[in-house]
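Residue numbers (this note's numbering), protein chains in the order written: chain A, 211 to 366; chain B, 2 to 385.
Just so you know, these hints were derived from the structure itself, not from any lab. Keep in mind that the hints are not guaranteed to be accurate.
Claimed, not checked - Below, computed lysine-lysine pairings styled on DSBU-like, alpha-carbon distance capped at 30 Å:
| # | chain 1 | residue 1 | chain 2 | residue 2 |
| --- | --- | --- | --- | --- |
| 1 | A | Lys353 | B | Lys340 |
| 2 | B | Lys79 | B | Lys340 |
| 3 | A | Lys255 | B | Lys79 |
| 4 | B | Lys195 | B | Lys362 |
| 5 | A | Lys296 | B | Lys79 |
| 6 | B | Lys195 | B | Lys79 |
| 7 | B | Lys226 | A | Lys232 |
| 8 | B | Lys49 | B | Lys362 |
| 9 | A | Lys232 | B | Lys292 |
| 10 | A | Lys255 | B | Lys226 |
| 11 | B | Lys305 | B | Lys292 |
| 12 | B | Lys226 | A | Lys296 |
| 13 | A | Lys232 | B | Lys294 |
Note that the structure is predicted; figures quoted are calculated from it, not measured.
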Amino acid sequence: MNPEQFVEILNDWNAGAVLAWKFDRGELTVEVAPEQIVPLCQFLKSEQGFIRLSAVTAVDRYPMEPRFEVLYLLHSIEPSRRLRVKCRLGGEQPEIDSVTCVWRSANWYEREVFDLFGVRFRNHPDLRRILLPEGWKGHPLRKDYPVTGEKYTYSE
Amino acid sequence: MTLNMGPQHPSTHGVLRMVLELDGETVTNVECDIGYLHTGIEKEFEQKTWQQAVTLTDRIDYLCPLTNNLCYCLAVEKLLGLEIPPAAQWMRVLLNELTRINSHLVWLGTHAMDLGAMSVFLYCFREREDILRIFEMFAGQRMMTSYFRIGGLALDPPRGWQHAVKKFIDAFPSRVDQYEDLLTNNPIWLKRTKGVGYAPLEDLLDCGVTGPIIRAAGLAWDIRKSEPYSSYDKFDFDVPVRTESDVYARYQVRVEEMRQSARIVKQALEGMPPGPWKADAPHVVLPDREKMKTQIEALIYHFKIVTEGFRVPEGEVYQVVESPRGEMGYHVVSDGTSKPYRVFIHGPSFGNLQGLPLMIKGRLVSDAIAALGSTDFVLGDVDR
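My request is simple: use the sequences and hints to build the entire structure.
Below you can see the structure in the form of structure tokens.
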């Protein structure tokens with residue numbers, strides 16, 4: 211399916227859902243408003259065959275505002291196609307609804323984004339750090355987090 | 002009762018901690034605690050130049066370093082719009098399939114050992130040694146190969162490589178028969194694996210599980226077929242599928258995959274196209290020594306690439322490949338400078354481990370070991 215048609219389908223579902231889209235190097239990226247993420251994902255999963263959530267990740271565009279881009283990498287096995295859904299979040303208090311109600315696999319990926327970027331996911335069943343120790347301060351993959359010079363002492 | 006399994010436990014294959022809630026011998030709940038091997042490798046990518054970062058990819062999934070090399074290189078080459086010569090593509094396929102065999106051999110040996118079949122381990126590591134020697138011949142390294150570079154291969158293949166690969170691949174099918182003799186009809190093996198660790202396909206997909214586990218649950222989905230990369234579409238091979246979705250089916254799928262990989266290696270060896278091993282892209286690929294000494298442009302490019310690295314146009318790509326464990330993806334973002342802006346690594350083990358509770362909950366604790374071994378995860382790939 212060509213990208214224009216696909217964006218058309220999304221606009222038919224909800225006019226104004228797509229804030230921007232881009233087809234670059236054979237990959238389609240659709241940018242939507244953060245409030246729309248859960249209904250959109252439900253639509254994509256049930257109507258458009260994106261039964262797999264390949265991963266959730268984020269990019270920090272510091273010092274640009276809105277600072278965070280949360281990326282949802284979607285995959286449909288039959289027909290074989292991929293889609294990148296992008297939501298931009300401000301740096302003050304980055305928060306977005308969790309998509310664990312749509313795909314269970316979002317659970318660990320959202321925990322990872324929370325751990326490394328400090329983006330909070332509302333309605334997540336178990337939002338804790340996943341890779342770093344529980345008492346860790348800061349979120350290492352943020353661009354303003356230093357690469358060296360941070361000391362950590364293990365309390366236990 | 003709550004049972005703490007790991008992080009130092011021989012059958013968790015690395016530093017994974019599982020908290021098992023037990024009712025007698027039945028597991029009522031399981032929680033995986035990961036992160037013991039977190040090294041901040043994604044942050045480190047942002048400090049290296051594009052080419053330097055290849056060496057980091059080896060260290061993520063250390064049982065299939067070449068698959069990681071390939072996935073990263075393909076992603077950056079997609080950003081650069083670089084055309085890779087056919088010979089280099091075929092060589093990448095050949096080495097990738099050897100990597101798959103290598104990884105499956107480690108899995109088979111350790112998995113069988115977990116379930117009490119000690120001798121299989123020794124047989125598997127005999128062949129693995131041959132593969133590692135081939136890698137050493139090519140790259141000078143047994144495990145951390147870094148043999149694929151952006152734009153092609155790091156070095157020309159060594160003299161006599163055809164002979165070494167041919168010798169291995171001619172003998173290998175009979176070696177797989179040996180493993181199968183030891184296990185496939187072995188009553189103890191059947192008892193420990195048949196009907197154990199069952200999980201339905203829909204749940205597995207929903208939890209993010211990929212690779213041989215999905216194929217053992219009845220879905221013929223292989224990225225080498227569905228989204229071919231590096232000229233995989235030119236090779237003739239089958240995708241093994243089973244429907245039982247138990248530990249035994251996963252064993253069958255992986256053993257058959259080893260045979261199919263051997264087929265691919267054979268085809269690549271026999272049909273290797275002639276031509277250069279590196280792309281014709283002087284701003285990315287280092288020039289030959291000869292050119293560098295005789296041509297001023299080549300010298301300038303060499304100086305530029307070595308001192309500041311090359312620039313990659315702005316953009317983002319998500320490249321996936323079929324690793325021995327499933328869908329491996331590199332999401333690479335460039336801001337137009339000579340260092341990656343952000344690299345996200347989607348390791349197959351991360352998703353597979355998330356699906357592990359499906360196979361363990363409500364079953365016996367002794368079967369947890371079998372199910373765990375059948376998921377074949379690498380903690381370096383999970384924690385990054």
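Open item on the list: Next pair to validate is B:Lys49 with B:Lys362; report whether the Cα-Cα distance is within 30 Å.
Closed with: Violated. B:Lys49 to B:Lys362 sits at ~43 Å, over the 30 Å cutoff.
Task: Hint consistency between B:Lys305 and B:Lys292 [alpha-carbon to alpha-carbon, up to 30 Å] - done: holds, 15 Å
- [ ] Take the C-alpha atoms of A:Lys232 and B:Lys294, compute the straight-line distance between them, and say whether it is at most 30 Å.
- [x] Violated. A:Lys232 to B:Lys294 sits at ~44 Å, over the 30 Å cutoff.
Task: Restraint status (C-alpha distance of A:Lys296 to B:Lys79 at most 30 Å) - done: holds, 20 Å
- [ ] Compare the distance between the alpha carbons of B:Lys195 and B:Lys79 with 30 Å, and conclude whether the hinted pair is satisfied.
- [x] violated, 43 Å
TODO: Sort out whether B:Lys226 lies within 30 Å of A:Lys255, counting only the CA atoms.
DONE: The hint holds at about 23 Å.
Open item on the list: For a C-alpha distance cap of 30 Å, please report whether A:Lys255 and B:Lys79 respect it.
Closed with: Holds, because 28 Å separates the two Cα atoms, which is no more than 30 Å.
Task: Given hint B:Lys340 paired with A:Lys353 - CA-CA distance at most 30 Å - done: Measuring from Cα to Cα gives roughly 14 Å; hence the hint holds.
Open item on the list: Check the hint pairing B:Lys226 with A:Lys296 against an upper bound of 30 Å on the C-alpha distance.
Closed with: Holds, at about 28 Å.
Open item on the list: Hinted pair, alpha-carbon criterion (30 Å max): A:Lys232, B:Lys292. Please report holds or violated.
Closed with: Not OK: A:Lys232 and B:Lys292 at ~41 Å, beyond 30 Å, violated.
Task: Hinted pair B:Lys79 and B:Lys340, Cα distance within 30 Å - done: Since the Cα atoms of B:Lys79 and B:Lys340 sit roughly 16 Å apart, the hinted pair holds (cutoff 30 Å).
Task: Pair hint outcome, B:Lys226 versus A:Lys232 [Cα-Cα no greater than 30 Å] - done: Holds - the C-alpha atoms of A:Lys232 and B:Lys226 are around 26 Å apart, at most 30 Å.
Going through the hint list in order, the structure does not satisfy hints 6, 8, 9 and 13.
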